[in-house]
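K.L.:
Residue strings, one per chain:
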Amino acid sequence: MIKPGYLLLICGALAGVSFGVRAQCPISATPRPIVSAGDIPAQLSPASRQVVARLGDSLRAAGLPDQPLYSKAAEGVFKCATEARIIAVVRTLARELGESRAALGASADDADLVAGAAALHVGATPAMLAQLRETHRAAGNGARSSLATPLIALADLLTRRVPAPAAAAAIDSLVARRAPADDFAALRAAVERDIDAGRAPEASVMQRTQVLLRGLDARGSGRP
Amino acid sequence: MSHHEVGPDAADGQSIERVAAELRTPVAIRAEWRAGLLRGVAMLPPPGAIADSSRSVRHWRFRPVAAIAAGLACALVGAGVMGLVLGRPLRRAMSDPFMNLTSTMPLPGESSSEGRSTVRFVFVAPYAARVALVGDFNAWNPAAMPMRRSVDGRAWLLDVPLAPGRHVYSFIVDGDLAPDPAAPRAGDDDFGVPSSVVLVSARGPKS
Numbered sequence: 712m713i714k715p716g717y718l719l720l721i722c723g724a725l726a727g728v729s730f731g732v733r734a735q736c737p738i739s740a741t742p743r744p745i746v747s748a749g750d751i752p753a754q755l756s757p758a759s760r761q762v763v764a765r766l767g768d769s770l771r772a773a774g775l776p777d778q779p780l781y782s783k784a785a786e787g788v789f790k791c792a793t794e795a796r797i798i799a800v801v802r803t804l805a806r807e808l809g810e811s812r813a814a815l816g817a818s819a820d821d822a823d824l825v826a827g828a829a830a831l832h833v834g835a836t837p838a839m840l841a842q843l844r845e846t847h848r849a850a851g852n853g854a855r856s857s858l859a860t861p862l863i864a865l866a867d868l869l870t871r872r873v874p875a876p877a878a879a880a881a882i883d884s885l886v887a888r889r890a891p892a893d894d895f896a897a898l899r900a901a902v903e904r905d906i907d908a909g910r911a912p913e914a915s916v917m918q919r920t921q922v923l924l925r926g927l928d929a930r931g932s933g934r935p
Numbered sequence: 101m102s103h104h105e106v107g108p109d110a111a112d113g114q115s116i117e118r119v120a121a122e123l124r125t126p127v128a129i130r131a132e133w134r135a136g137l138l139r140g141v142a143m144l145p146p147p148g149a150i151a152d153s154s155r156s157v158r159h160w161r162f163r164p165v166a167a168i169a170a171g172l173a174c175a176l177v178g179a180g181v182m183g184l185v186l187g188r189p190l191r192r193a194m195s196d197p198f199m200n201l202t203s204t205m206p207l208p209g210e211s212s213s214e215g216r217s218t219v220r221f222v223f224v225a226p227y228a229a230r231v232a233l234v235g236d237f238n239a240w241n242p243a244a245m246p247m248r249r250s251v252d253g254r255a256w257l258l259d260v261p262l263a264p265g266r267h268v269y270s271f272i273v274d275g276d277l278a279p280d281p282a283a284p285r286a287g288d289d290d291f292g293v294p295s296s297v298v299l300v301s302a303r304g305p306k307s
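So the sequence lines, in the order shown, correspond to chains V and X.
Residue numbers for the first sequence follow the working numbering, beginning at 712 and rising by one.
Residue numbers for the second sequence follow the working numbering, beginning at 101 and rising by one.
Hints listed in this document are in silico derivations from the structure and should not be mistaken for laboratory results.
A virtual CB, placed ideally from N, CA and C, is assigned to each residue, including glycine.
Among the clues, some could well be false.
Label-pair distances were calculated between CB atoms; the ranges are [stated by the list, open to error]:
#  : chain 1 : residue 1 : chain 2 : residue 2 : range
1  : X       : Ala170    : V       : Ala753    : 36 to 44 angstroms
2  : V       : Asp907    : X       : Arg230    : 23 to 31 angstroms
3  : V       : Asp907    : X       : Asp252    : 52 to 60 angstroms
4  : X       : Pro261    : V       : Arg765    : 49 to 57 angstroms
5  : X       : Pro294    : V       : Arg910    : 16 to 24 angstroms
6  : X       : Cys174    : V       : Ala911    : 43 to 51 angstroms
7  : X       : Arg220    : V       : Gly851    : 31 to 39 angstroms
8  : X       : Ala179    : V       : Ala838    : 55 to 63 angstroms
9  : X       : Asp252    : V       : Ala817    : 47 to 55 angstroms
10 : X       : Cys174    : V       : Gly809    : 56 to 64 angstroms
11 : V       : Pro876    : X       : Gly275    : 34 to 42 angstroms
12 : V       : Ser818    : X       : Pro261    : 22 to 30 angstroms
Next comes chain V alone, as it looks inside the complex (with noise of 0.2 angstroms):
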């Protein structure tokens, strides 16, 4: 026999527990002032602002794009970060953009870095990058075609736990073929959807690659 009062406690425990857990990060609609996406959110502290800016100015020295750093810090505070966090993730990102830059050269634009900092952040290697930009140029593709399609697509299958050498080797099968943007679309979504009913990531990579690879000699192999 538990009496109402005692349930009422309980209920009352219950809800501001649950309650304190949502009240730790509201994510609401609150102004906030607004700034240009490039700038070091205000709400860090000096001393972090400082850090974020002479991070800034090195890849800024070194030719590397800084806003995304700037976009990362934002994202960190948006998402109630401490600010220890913050600081790390940032040194992280300045530390790939400058090992994506290494492997992709000089002609890969912001976007490319971009794109191959966050695939390097899940699990590529620089040795992957260099290899799917050596693949890129030697299927003639210009200096300044752009590779960050394949690598958003590589990112997005080491996210879903696709081992880092198949999902590579399937990503690098389809820039040799010139695979239109609209295949690393369709692969991406295949392999979500059959990790999602309960297949193998790389049986799956492996399978799907292959029917597109068909679907492209089907079409007459690649387009310009």
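Given the structure of chain V, go ahead and fit chain X onto it with the hints provided.
P.N.:
Quick look at chain X alone, frame taken from chain V:
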């Protein structure tokens, strides 16, 4: 014959009366025991008071059957209210022939002089009360880009001119973050909540 039938009954009646008379005779007990017994009886509450007291205890007693019945009644009332509130959008969604034709996509031919291309962000959430778009293009400001409900009521839309490049974004659906199910994952989700990516090339955006 009749004498035979009456005789035993009369004897039984006499026996019963004798036993009853003996039972009515007060039991002889010691005087101090009798006084104590009477004091105990005097301390008992009157019969009406006992009934009231038991009623008040029953008032605080937890009754599982009553609680279950009350819960069921609340659930029924809640379901009725939800049905009234959500029934119309649900019927609209069921009759929508373009149910699967909504995802974030480029708007062809829309490009500004600064090289920006317009991306139509779409999130299917018929039952959401409020949806907003956040991303690196608005400094992750949740108040900057509220989305509008589509005419059919099942999706939320917003057209945003974006500079060429890779953009990370997410939706806020009734206060909770949700990635775009139709777009690639950002990969570099360092803060525990997944985000999505849209790529805007010089010729137009790609998911």
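K.L.:
Under the constraints set out in the numbered hints, which ones does this structure not fulfil?
P.N.:
Hint check: 1, 3 and 4 fail, others pass.
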